[in-house]
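*Asks:* Quick note, my numbering runs 1 ahead of the 1-based positions in the sequence shown.
Just so you know, not all the hints are guaranteed correct.
[Claimed, not checked] As a list, the in silico DSSO-like pairs of lysine-lysine whose alpha-carbon atoms are at most 30 Å apart:
#	residue 1	residue 2
1	Lys117	Lys312
2	Lys117	Lys206
3	Lys312	Lys206
4	Lys323	Lys312
5	Lys236	Lys206
6	Lys117	Lys323
[As the list claims (entries may be wrong)] What follows is a list of derived Cβ distance ranges for each label pair:
#	residue 1	residue 2	range
7	Leu333	Ser53	27 to 33 Å
8	Glu149	Glu198	19 to 25 Å
9	Glu161	Thr113	20 to 26 Å
10	Tyr332	Leu102	21 to 27 Å
11	Ala101	Gly182	36 to 42 Å
12	Leu102	Glu198	37 to 43 Å
13	Asp280	Asp115	48 to 54 Å
14	Asp115	Leu54	32 to 38 Å
Just so you know, the hints here were simulated from the structure itself, not pulled from any lab data.
Just so you know, these numbers come straight off a predicted model, no measurement behind them.
A virtual CB, placed ideally from N, CA and C, is assigned to each residue, including glycine.
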Amino acid sequence: MNTRPGHSGSGVTIEDVARVAGVSRQTVSNALNAPQRVRAQTLTRVIAVIDSLGYIPDQSARSLKTGLRYTLGYMAPDDDPLNPNPVMGGFLTALCDAAALAGYRILLFRPTEDPKRAIDTLAAARQVDGFILSDILANDVRVQRLTELGLPFMTFGRTEPEQPQHWVDTDNVSGMREIAGALAAEGHRSVAYVYPEALTPWLRKRAEGFTEAARELDLSVILIHESPEHEPHDKGLVERLRTMLRGENAPTAVVTGNDVLAMSVYDAARAAGLRVGTDVAVVGFSDLPLCQFLTPQLASVRMPLTAIAQKIIEQLLAQIRKEPTPEQGFYLQPELILRDSFYRTG
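Build out the structure end to end from the sequences listed, making use of the hints.
*Replies:* What follows is the structure in C-alpha cells.
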C-alpha cells in the first residue's frame, strides 16, 4: 500500500485528481481545505472527481498544515434509549453527509450527567474544531458553556433570544400557520390541538403559531395538553381524545405537535367509531417515516433536515475560519405534506 502523503489506499494522488478535473493542484487543495475560495461549478466538478477516483486526503498532513482537526463534535440528545427522538436520526445522517462534502467528519458524543463537563473534556483534548447541538432547551447550559469558552458552535433550534447563539431552525410558526390555513380552506371551524407540555422552545413556537393562526381565521380551538414523556398509543391520552371526539361539540380536525402524538389520535378515532380521513382530519408535524405506514397515511409538516444540516455546517465552518457571520440565526421553511388523513370526505 502506498502511504506517501496525499495518496489514497488505491494510489490515487492529488495530482491525479487535478489532471482529471482539469484544474491545478492548488485548486484541489482549496476544494478540500478552503472550498469558499473555489467557484461553485469548479468545486462540484472537483468533488465529483474525488469521489469517482476514490481519493482520500492525508488527514494528518492537512492538520499539520492548518492546525485544524477537520472534525466537528455533535452532542447527541440525552434521550431515553427506549423512547429516542425519532427526528434526530434523519438529522444526523444529513449532518454527516454535509460535513463530508466539506471535508469534515462528525464525532458523536453523548452528555454525561453534567453536559458542561462533557464539553470541557472534549474541548481540552482539542479533538474537534467546533460543536453542534440539538434538542435545545430554554436557557440551555450547553449554549452558555460554549459561549463562555469562546468556541465555534451551531445549534439546531434556538434558545432564549438573550443568550448569544448561532442557530438554524425550522420555521415552526410558519408550518403551523400553513396547517391552520389549509384546514380553514377545507371548511373546518372546530379543531383540536394536542401537544406535549415541554420546555423546548420549538414546541412552544408550534403551539403559539397554531393558536394565533386559528384565532385569525376564526377557528374554535380545543387545547389538549400531554406529558412530555408521552408514548405512542398512550392509553390515558387515547381515552381523553375518544371522549372529546364523541362529545357534543366534537372537533372535525385534530392537529398534533408531533407525529408520535397522532398515533394516539388514530387509536382514539377508532375507539370512537370514527374514520380518520373520512369523519375526522388528522395532521402531524415532522413527517417521520411512520407517517407513510399509518392507515390512512398521515398528513404532516416536513422539516427541511438536509437544508438545515447544510446551513449548520456552512455557518460553523465560517466561524472556524473566522469569517463574518450573521448575529441572527436562520429560519428555514417547512412544507405541509397532504395525505389521506387530511381530506375529510364524510
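*Asks:* State for each hint whether it applies.
*Replies:* Structure-based check of each hint:
Taking the CA atoms of Lys117 and Lys312, the gap is near 25 Å; set against the 30 Å cutoff, the hint holds. This hinted pair checks out: Lys117 and Lys206 have alpha carbons roughly 26 Å apart, not beyond 30 Å. For the given pair, Lys312 sits about 21 Å from Lys206 by alpha-carbon distance, which is consistent with the 30 Å threshold. About 16 Å separates the Cα atoms of Lys323 and Lys312, which keeps this hinted pair within 30 Å; it holds.
For a cut-off of 30 Å, the pair hint linking Lys236 to Lys206 stands: about 27 Å separates their Cα positions. A threshold of 30 Å between alpha carbons decides the hint, and for Lys117 with Lys323 the separation of about 24 Å falls inside it, so the pair holds. Distance hint check: the CB atoms of Leu333 and Ser53 are about 31 Å apart, consistent with the given range 27 to 33 Å. Range check, Glu149 to Glu198: Cβ separation about 30 Å, and the 19 to 25 Å hint is violated.
In this structure the supplied range 20 to 26 Å holds for Glu161 paired with Thr113, their Cβ-Cβ distance being about 24 Å. Under the hint 21 to 27 Å, the C-beta atoms of Tyr332 and Leu102, about 23 Å apart, fit the expected range. A hinted range of 36 to 42 Å holds for the C-beta pair Ala101 and Gly182, which are about 38 Å apart. The hinted window of 37 to 43 Å between Leu102 and Glu198 holds, with their beta carbons roughly 39 Å apart.
Look at Asp280 against Asp115: about 50 Å separates their beta carbons, and that is inside 48 to 54 Å. Taking 32 to 38 Å as the suggested C-beta distance range, the pair Asp115 and Leu54 does not conform, at roughly 45 Å.
Of the numbered hints listed earlier, those contradicted by the structure are 8 and 14.
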